[in-house]
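Going down the list, the sequences are from chains A and B. Residue numbers for the first sequence follow the numbering used here, so the first one is 1 and each next one is one higher. Residue numbers for the second sequence follow the numbering used here, so the first one is 1 and each next one is one higher.
Since the hints were derived computationally from the structure, they do not count as laboratory data. Careful: at least some of the hints might be erroneous.
Residues from chain A shown here face chain B by an in silico Cβ test under 10 Å; the list is partial [to be verified]:
hint, residue
1, Ile210
2, Asp238
3, Glu239
4, Pro243
5, Thr246
6, Leu248
7, Thr249
8, Asn257
9, Thr269
10, Pro270
11, Leu274
12, Lys277
13, Ser296
14, Ser299
15, Gly305
16, Pro443
Each residue gets a CB set at the ideal place from its N, CA and C atoms; glycine is no exception.
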Amino acid sequence: MVTSLRRTLVGISSCGLTLLLVISVALSGCTSPAAPPAATQAPGAAATKAPAAPAQVSEIKIGALVPLTGGLAELGKAIKDGYETAAEIVNEEGGIKSMGGAKLKFIYADSGGKPDVGVSQTERLITVEKVAMISGAYQSSVTFPATEVAERYKIPWLVQGAVRDDLTERGFKYLFRPNYKSISEAVIHMGALDYLMKQHNVQIKTVAFIYEATDWPMSMMPHLRRLFGERGIQIVLDEGIPPEATDLTSNILKIKNAKPDLLWFLFYTPQAILLVKGLQEQKVDTIVFSSGSSTSEPSFFQAVGALADYIMTPDEWEIGILNVKKWAKPIADRYKAKAGVDLAAFPAQAIANVFIIQDVLERAASTDPEKLREALAATKITKEGEGTGRALIMPWKAIEFDATGQNPHGGNVITQIRENGTKKYIVYPPEFQDPNYKTVFPPPKWSER
Amino acid sequence: MEGFLTAFLNGLFMGAVYASFALAISLVFGVMKIINFFHCSLITAGMYGIFFMWSWFRLEPYVGVLIVVPILFLGGYVLHNTFVLTLFKRERAYVVEPISVLMLTAGMWLVLDNLWLLIFGSQFRAVKSFITGSTTDVAGITISNARFVAFVGGLALTYALWWFLNNTRVGKGMRATAQNREAAALCGVNIYRMYNLAFGLGAAVTAVGAALLMPFYYVDPYVGFSYDMKSFIIVVLGGMGSIPGTLVGGLIVGVVEAVTTQFVSGTYAGIAVFLVFVACLLFRPQGLLGRETV
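Turn these sequences into a full structure, and let the hints guide you.
Below, the structure is given as structure tokens:
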């Protein structure tokens with residue numbers, strides 16, 4: 001009797017465990033990027049027929065999909081301030097001259113950081129606000145399904161922020177991305193490594209990879225392995241970590257034993273925190289490169305502070321770029337006056353997008369989506385600084401779009417973290433390098449810090 | 001070899017932390033025969049408590065715990081008395097196994113976790129304690145001081161709970177309730193009070209675990225979940241309701257995790273713990289230190 005009760009209890013507990021698993025799977029399903037919505041729903045008459053453009057307009061409505069509430073609200077506001085700053089500049093200078101000085105008017109839609117909300121807000125921008133084109137939406141997970149709506153309505157979309165590779169690999173005709181794909185990040189990062197090895201006369205023979213074994217790192221790893229293989233650098237450790245891992249010490253010990261010249265990590269913020277803390281605890285002395293956004297998150301620096309020093313990290317834009325692009329200083333100042341904080345990567349790209357939009361409108365001289373699409377496809381901004389050349393406030397060599405709508409000249413900068421995790425100095429590419437900063441490569445040993 | 005030994009020691013240290021979180025599950029299961037799914041929310045609450053004691057009042061985690069423990073005890077007591085016990089009493093009139101209580105705790109887990117998200121935001125926070133990052137080198141092995149303290153603390157916590165259950169009047173009441181509700185009630189034990197106390201005590205023990213973990217960890221609204229997952233494995237492994245078994249289970253999980261990682265990739269090491277768990281369920285379903293008869 002008692003035994004059978006005990007068995008029942010074991011049974012219940014294992015049922016419970018199953019329940020827990022089921023719920024957790026359901027939860028993770030909710031947070032992962034939503035699958036693109038089925039495009040079966042008939043969008044109505046407006047879908048197939050674009051709104052006719054009036055001959056002369058005093059105002060051109062541009063939609064901007066931004067996460068203004070939720071976890072990304074702070075960043076969303078910065079991006080909005082970026083659009084506003086640049087739109088004000090364009091309007092003050094006389095608006096779109098080819099359209100009789102029509103003014104830019106940005107209509108903001110709040111995605112809340114959620115794919116489904118992003119989709120419905122895109123519908124609203126197109127059918128209710130009747131915007132000429134849309135820019136957005138920072139997150140790949142929102143941009144992916146939202147651009148599908150715009151494609152259906154044949155409204156041009158200029159990507160802001162989102163780096164997911166396959167965004168521009170779906171054969172869309174109304175989608176244009178001036179910023180780089182995530183895969184280019186690996187290539188640029190390797191360029192930085194080559195450059196630093198040469199500059200500092202350091203020969204890297206071995207590399208260790210540690211990454212979360214999920215979507216983004218796993219899609220980047222084959223490229224990294226190939227790039228290192230091409231250089232004859234031996235991979236001494238290739239360590240994937242399950243996302244629910246609670247402790248990385250054992251993995252860090254493996255790194256320590258492998259004694260790599262270079263450690264490359266691809267983590268989201270929580271595991272990046274554990275890794276950096278563990279490297280210090282176990283005194284693993286090596287050059288550290290990071291990929292992804294963890295080393296751009298303020299909470300990462302708050303959590304690890306000085307331990308983040310000397311890590312090499314990619315950034316879309318850094319304030320140090322102004323040392324080279326001096327002409328952009330007034331724009332950055334104006335942004336600061338508006339937003340109250342220094343210009344940063346994603347508002348900077350919002351600014352760039354406004355100047356691209358200005359360029360496109362000047363050439364299209366119309367708000368007809370077809371003409372806008374043609375003008376976008378023919379974009380060629382190569383000279384920085386003047387007029388629409390101010391779009392090159394970003395570290396991009398030029399702006400033009402290939403057949404997929406991707407700008408092949410998109411790029412970023414590699415920075416080294418210093419001063420207790422409070423400052424980032426640009427170390428690559430050389431043209432943006434901080435002239436007063438001497439890159440520390442390799443970093444000092446933990447025992448000497 | 002040194003790497004292996006360091007990994008083994010670190011596994012032991014982490015195992016003690018896992019055990020301190022699993023104690024509450026074991027206690028609540030032992031006494032009430034229900035599984036508390038919102039245990040992970042309590043772990044997170046404990047960690048936030050420790051963090052804010054440090055962030056607001058600059059109290060070291062090992063000091064802040066003195067304030068967080070009573071708060072969590074009260075929180076656990078009240079939550080249980082208000083929600084769980086109400087349903088438990090109603091349910092008991094109809095069936096032997098309170099299934100809907102199980103569902104209730106799962107629901108409360110979702111409510112509480114989202115409440116933490118609402119209150120604290122999604123960013124990651126960490127304590128910079130005096131002990132954070134400090135290490136000791138012994139014969140070529142680098143030991144993190146905070147982890148060592150967590151190990152000693154975990155052992156002490158387990159012993160303290162075991163002593164409490166065996167030597168105090170309330171503890172004996174809890175054990176009596178665990179062994180036979182009806183008989184305990186007949187002997188004058190207020191079993192519902194025991195349930196409340198056991199639940200509060202579980203939450204308090206969790207707060208101690210949180211204080212041991214925080215100096216070398218971070219907190220975000222979902223941090224408790226992965227620890228909760230391990231807690232269930234540990235409790236079944238060690239023997240449900242057995243306090244020393246929970247410690248043994250925790251240490252085994254910690255060591256298996258750490259040592260297998262030295263031989264295979266991290267993703268495979270994640271499987272190893274579950275293999276041990278499945279093997280245990282198949283061959284010794286009552287757990288390593290669980291008794292066949294209660």
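Verification of the supplied hints:
no.	hint	result
1	Ile210	holds, 8 Å
2	Asp238	holds, 7 Å
3	Glu239	holds, 5 Å
4	Pro243	holds, 9 Å
5	Thr246	holds, 5 Å
6	Leu248	holds, 8 Å
7	Thr249	holds, 5 Å
8	Asn257	holds, 4 Å
9	Thr269	holds, 5 Å
10	Pro270	holds, 6 Å
11	Leu274	holds, 7 Å
12	Lys277	holds, 6 Å
13	Ser296	violated, 13 Å
14	Ser299	holds, 4 Å
15	Gly305	holds, 7 Å
16	Pro443	violated, 16 Å
Against the hints set out earlier in the document, violations occur for numbers 13, 16.
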